[in-house]
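Trainee: Chain by chain, the residues run as shown.
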Amino acid sequence: MSEQESDANEPVEMLRMPVELDYTYSAGTSASRFLRAFAEGKLLGQRCPVDGKVYIPTRGSCPQHGVPIDGEPVEVADKGTLVTYSIVRVPSENIPLELPYVAIQVVLDGADTAMHHVLSECELEDVHMGMRLQAKWKPREEWETSVGNILYFIPIDEPDAPYDSYKEHI
Amino acid sequence: MSQESSLTAPHKMAYTYKRSLGPVLSRFATALRDRKILGARRADGTVMVPPKEYDPDTAAAIEELVEVGPAGVVKSWAWVGEPRAAQPLARPFAYALVQLDGADTPMVQVVDAGSEEAMKTGMRVTARWSDEATGMITDLSFVPVDGEA
Numbered sequence: 015m016s017e018q019e020s021d022a023n024e025p026v027e028m029l030r031m032p033v034e035l036d037y038t039y040s041a042g043t044s045a046s047r048f049l050r051a052f053a054e055g056k057l058l059g060q061r062c063p064v065d066g067k068v069y070i071p072t073r074g075s076c077p078q079h080g081v082p083i084d085g086e087p088v089e090v091a092d093k094g095t096l097v098t099y100s101i102v103r104v105p106s107e108n109i110p111l112e113l114p115y116v117a118i119q120v121v122l123d124g125a126d127t128a129m130h131h132v133l134s135e136c137e138l139e140d141v142h143m144g145m146r147l148q149a150k151w152k153p154r155e156e157w158e159t160s161v162g163n164i165l166y167f168i169p170i171d172e173p174d175a176p177y178d179s180y181k182e183h184i
Numbered sequence: 004m005s006q007e008s009s010l011t012a013p014h015k016m017a018y019t020y021k022r023s024l025g026p027v028l029s030r031f032a033t034a035l036r037d038r039k040i041l042g043a044r045r046a047d048g049t050v051m052v053p054p055k056e057y058d059p060d061t062a063a064a065i066e067e068l069v070e071v072g073p074a075g076v077v078k079s080w081a082w083v084g085e086p087r088a089a090q091p092l093a094r095p096f097a098y099a100l101v102q103l104d105g106a107d108t109p110m111v112q113v114v115d116a117g118s119e120e121a122m123k124t125g126m127r128v129t130a131r132w133s134d135e136a137t138g139m140i141t142d143l144s145f146v147p148v149d150g151e152a
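Protein sequence lines, in the order shown, are assigned to chains B and R. The first sequence finishes on residue 184 if you use this note's numbering, and the numbering steps up by one all the way, no holes. The second sequence finishes on residue 152 if you use this note's numbering, and the numbering steps up by one all the way, no holes.
Calculated directly from the structure, the hints in this document are not laboratory data. Please note: incorrect hints may appear among the correct ones.
Stated by the list, open to error - Derived pair list, reagent style EDC-like, types lysine to aspartate or glutamate, alpha-carbon separation capped at 16 Å: (1) B/K56 / B/E34; (2) R/K21 / B/E34; (3) R/K15 / B/E107; (4) R/K15 / B/D36; (5) R/K15 / B/E34; (6) B/K152 / B/D92; (7) R/K55 / R/E67; (8) R/K21 / B/E27; (9) R/K21 / B/E107.
Unchecked claim - Chain R regions said to be covered by chain B (calculated; three or more residues, Cβ under 8 Å): (10) 11-18; (11) 30-41.
No experiment lies behind these values; they were computed from the predicted model shown. All residues carry an ideal CB built from backbone N, CA and C; glycine is no exception.
Model the full assembly from the supplied sequences, consistent with the hints where possible.
Mentor: This is how it looks when you write it as structure tokens:
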């Protein structure tokens, strides 16, 4: 039910009208396999049988070639290369992160698709494309079937990846 | 749960819209808080409820709002036998087109008639206000007027 906020003596000028859609999300076979592996600290991708590219998460079919991906999953690393980013300074009700934070696309080592995540423990002016990152995991006892097991990514002391190695993801 | 089955999770998508009412609907909402229903007087003299900001025929800005109701006639209705969580009442009710006394257009609103048998096109209903009116359309619902067909 909607709610109204106004002083009883003032005209009513604003109306809160929240829209809520309650779903039960079903992850499907492929994403469920990915999430169950995530609960054990493993990041699973799948290789397209046409061009050999590794998609992460596992998804059951190749979006580019439209063919089923039914081979065994491929484990990829929990570190990778930042390919693009955005510094977020606007709050959002469902994102409990302190502002500003850095939303990133990271290509994990062994994967050919970028994953969306967050970068932390890094000065904003030091964020740049090509920087090498490592996942910061929650304590093991808190792992569940959720990508939230990785809290965020942090920079690591490795030379930047060469531009040609990630340019297709920009 | 077997390893092959699909994981599921609750997923609530919510848009926290807040809308500016503008001058005409602001007067309408403020009147609801005072337990009054306002309609818009159009250039041809007819009254539309709820008011709009512009005359639908001439596009002239609406200036005059007049009080209508609180009683009116059910022009059409649909019975809601199994209300859903977000609907205004938890018990069965009717959504009806109610043309208020003094109005030339009907408005959609709840008629809390108790049973489907109590509903009839042409029946008279009157406004019932929530205990604490806040300026929402949900402050208002209608109930049958006793003894009037």
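Trainee: State the violated hints by number, sorted upward, taking the hints as numbered earlier in the document.
Mentor: 1
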